[in-house]
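Enquirer: Working from the sequences, and respecting the hints, build out all of it.
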Amino acid sequence: MSATVCAGAAQFAAIEIWGQPVPVVAIVLSTLLVNLRNLLMSASLAPKTAAFTTLQRLLGFYVLSDENWALSERRVRAKPLTSAYFLTMGGVLYTNWVFWTTLGAFAGAFLGDPRRLGADFAFTALFIGLIAGFWRGRSTASAVAASAIASAIAFVTLGAPWHVLIGTLAGIAAVYATAPEEAA
Amino acid sequence: MTLSIPTILAIIGMAIVTYATRIGGLFFADKLQFKGKAKAKAAFDEIPAAVLVSVIAPVVLTTGPAETIAALITILAARRLPLIAIVIVGVIAVVVLRLFMS
Numbered sequence: 001m002s003a004t005v006c007a008g009a010a011q012f013a014a015i016e017i018w019g020q021p022v023p024v025v026a027i028v029l030s031t032l033l034v035n036l037r038n039l040l041m042s043a044s045l046a047p048k049t050a051a052f053t054t055l056q057r058l059l060g061f062y063v064l065s066d067e068n069w070a071l072s073e074r075r076v077r078a079k080p081l082t083s084a085y086f087l088t089m090g091g092v093l094y095t096n097w098v099f100w101t102t103l104g105a106f107a108g109a110f111l112g113d114p115r116r117l118g119a120d121f122a123f124t125a126l127f128i129g130l131i132a133g134f135w136r137g138r139s140t141a142s143a144v145a146a147s148a149i150a151s152a153i154a155f156v157t158l159g160a161p162w163h164v165l166i167g168t169l170a171g172i173a174a175v176y177a178t179a180p181e182e183a184a
Numbered sequence: 001m002t003l004s005i006p007t008i009l010a011i012i013g014m015a016i017v018t019y020a021t022r023i024g025g026l027f028f029a030d031k032l033q034f035k036g037k038a039k040a041k042a043a044f045d046e047i048p049a050a051v052l053v054s055v056i057a058p059v060v061l062t063t064g065p066a067e068t069i070a071a072l073i074t075i076l077a078a079r080r081l082p083l084i085a086i087v088i089v090g091v092i093a094v095v096v097l098r099l100f101m102s
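Chains as they are written, first to last, in the numbering used here: chain V, 1 to 184; chain H, 1 to 102.
Hints were generated in silico from the structure; no laboratory data involved.
Check each hint, because a few of them may be wrong.
[As the list claims (entries may be wrong)] Only some residues are given here: those of chain H computed to face chain V with a beta carbon under 7 Å:
| id | residue |
| --- | --- |
| 1 | V17 |
| 2 | T21 |
| 3 | L26 |
| 4 | E46 |
| 5 | I56 |
| 6 | T74 |
[What the hints assert, rightly or not] Label pairs and their calculated CB-CB ranges:
| id | chain 1 | residue 1 | chain 2 | residue 2 | range |
| --- | --- | --- | --- | --- | --- |
| 7 | V | F106 | H | S4 | 35 to 43 Å |
| 8 | V | V98 | H | L76 | 30 to 38 Å |
| 9 | V | F106 | H | R80 | 37 to 45 Å |
| 10 | V | F99 | H | L99 | 28 to 36 Å |
| 11 | H | F28 | V | L117 | 36 to 44 Å |
| 12 | V | P80 | H | G64 | 22 to 30 Å |
| 13 | V | R116 | H | F28 | 18 to 26 Å |
| 14 | H | L72 | V | R115 | 14 to 22 Å |
| 15 | H | L99 | V | V92 | 29 to 37 Å |
Backbone N, C-alpha and C fix where the C-beta goes; we use that ideal spot for every residue, glycine too.
Expert: Now the structure itself:
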């Protein structure tokens with residue numbers, strides 16, 4: 001699953017609802033919902049990868065994820081995004097993901113609860129650090145506030161994976177509503 | 001998880017929809033034009049933050065006081081420390097806080 005799907009959040013969500021018989025439709029739908037954000041991420045990277053060849057794009061975007069997308073967005077703040085940077089990062093990410101999730105599948109039984117080591121929170125802390133890297137003042141603040149509240153409410157009322165989509169849309173809507181009409 | 005036909009179908013389905021979302025943006029982004037649309041441009045620019053916040057909000061706000069306080073400490077750390085240090089601070093904070101709070 002890690003090798004073909006390579007999407008952390010979606011894979012966790014799928015494992016949550018995995019059962020016998022396998023709810024194929026629910027799993028695929030949940031994967032689609034969790035990964036809908038990729039549409040926005042690939043759209044935002046599209047103009048920044050305009051110089052890539054089609055093959056470079058199709059390969060590089062195969063492993064597009066929150067992390068390498070966020071690092072790419074940070075990179076373009078400083079200098080143009082090269083295919084070498086993007087594809088190398090993608091390759092490292094993919095290799096690591098497949099290697100460590102395979103190891104985890106075998107070693108998981110011996111480790112016990114990952115919560116004991118705080119390993120589950122590393123993901124959250126990483127995201128907080130990434131958001132800080134994107135900070136550009138008032139518009140980011142409105143996105144963060146609206147997304148956090150909407151996502152938490154959606155999570156409590158509708159449950160995963162709806163919170164990702166609803167929170168994201170609320171944040172975008174909030175920025176659109178509060179941004180000034182001109183300039184910038 | 002045993003390897004059966006439905007398992008394989010589910011994984012193939014997951015792979016297909018995931019790849020579709022990953023490359024989908026490449027096609028409709030070409031049609032986006034932001035000239036003279038400052039509000040739309042601002043909203044588009046904040047997609048990264050909105051996505052990341054939405055993914056972690058349940059952990060930060062609905063799990064318990066240990067996670068919420070650890071997140072606040074991580075936010076403080078994020079104001080000045082590099083990325084790796086932020087993650088280390090967050091993980092240590094959550095482990096310590098869970099000792100006292102659960």
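Enquirer: Take the hints in turn and mark each one as holding or not.
Expert: Okay, the hints, checked on the actual structure:
Restraint check, V17 (chain H) versus chain V: the minimum CB separation of about 4 Å is within 7 Å; hint holds. Using the Cβ-Cβ criterion of 7 Å, the hint placing T21 (chain H) at the interface with chain V is satisfied: the shortest such distance is roughly 4 Å. Interface hint at L26 (chain H): satisfied, since its Cβ lies 5 Å from the closest Cβ of chain V, which is below the 7 Å cut-off. Here the hint on E46 (chain H) is kept, as its CB sits about 4 Å from the closest CB of chain V, short of 7 Å.
Look at I56 (chain H): its Cβ gets to within about 5 Å of chain V, closer than 7 Å, so that hint holds up. Here the hint on T74 (chain H) is kept, as its CB sits about 5 Å from the closest CB of chain V, short of 7 Å. For the pair F106 (chain V) and S4 (chain H), the supplied restraint of 35 to 43 Å is violated, since their beta-carbon distance comes to about 21 Å. A hinted range of 30 to 38 Å for the beta carbons of V98 (chain V) and L76 (chain H) is consistent with their spacing of about 35 Å.
Between F106 (chain V) and R80 (chain H) the C-beta distance comes to about 39 Å, which sits within the given range of 37 to 45 Å. Between F99 (chain V) and L99 (chain H) the C-beta distance comes to about 31 Å, which sits within the given range of 28 to 36 Å. The beta-carbon spacing between F28 (chain H) and L117 (chain V), approximately 41 Å, falls within the hinted interval of 36 to 44 Å. Under the hint 22 to 30 Å, the C-beta atoms of P80 (chain V) and G64 (chain H), about 43 Å apart, miss the expected range.
Between R116 (chain V) and F28 (chain H) the CB atoms are about 44 Å apart, so this pair departs from the stated range of 18 to 26 Å. The beta-carbon spacing between L72 (chain H) and R115 (chain V), approximately 19 Å, falls within the hinted interval of 14 to 22 Å. Taking the beta carbon of each, L99 (chain H) and V92 (chain V) are about 34 Å apart, inside 29 to 37 Å as hinted.
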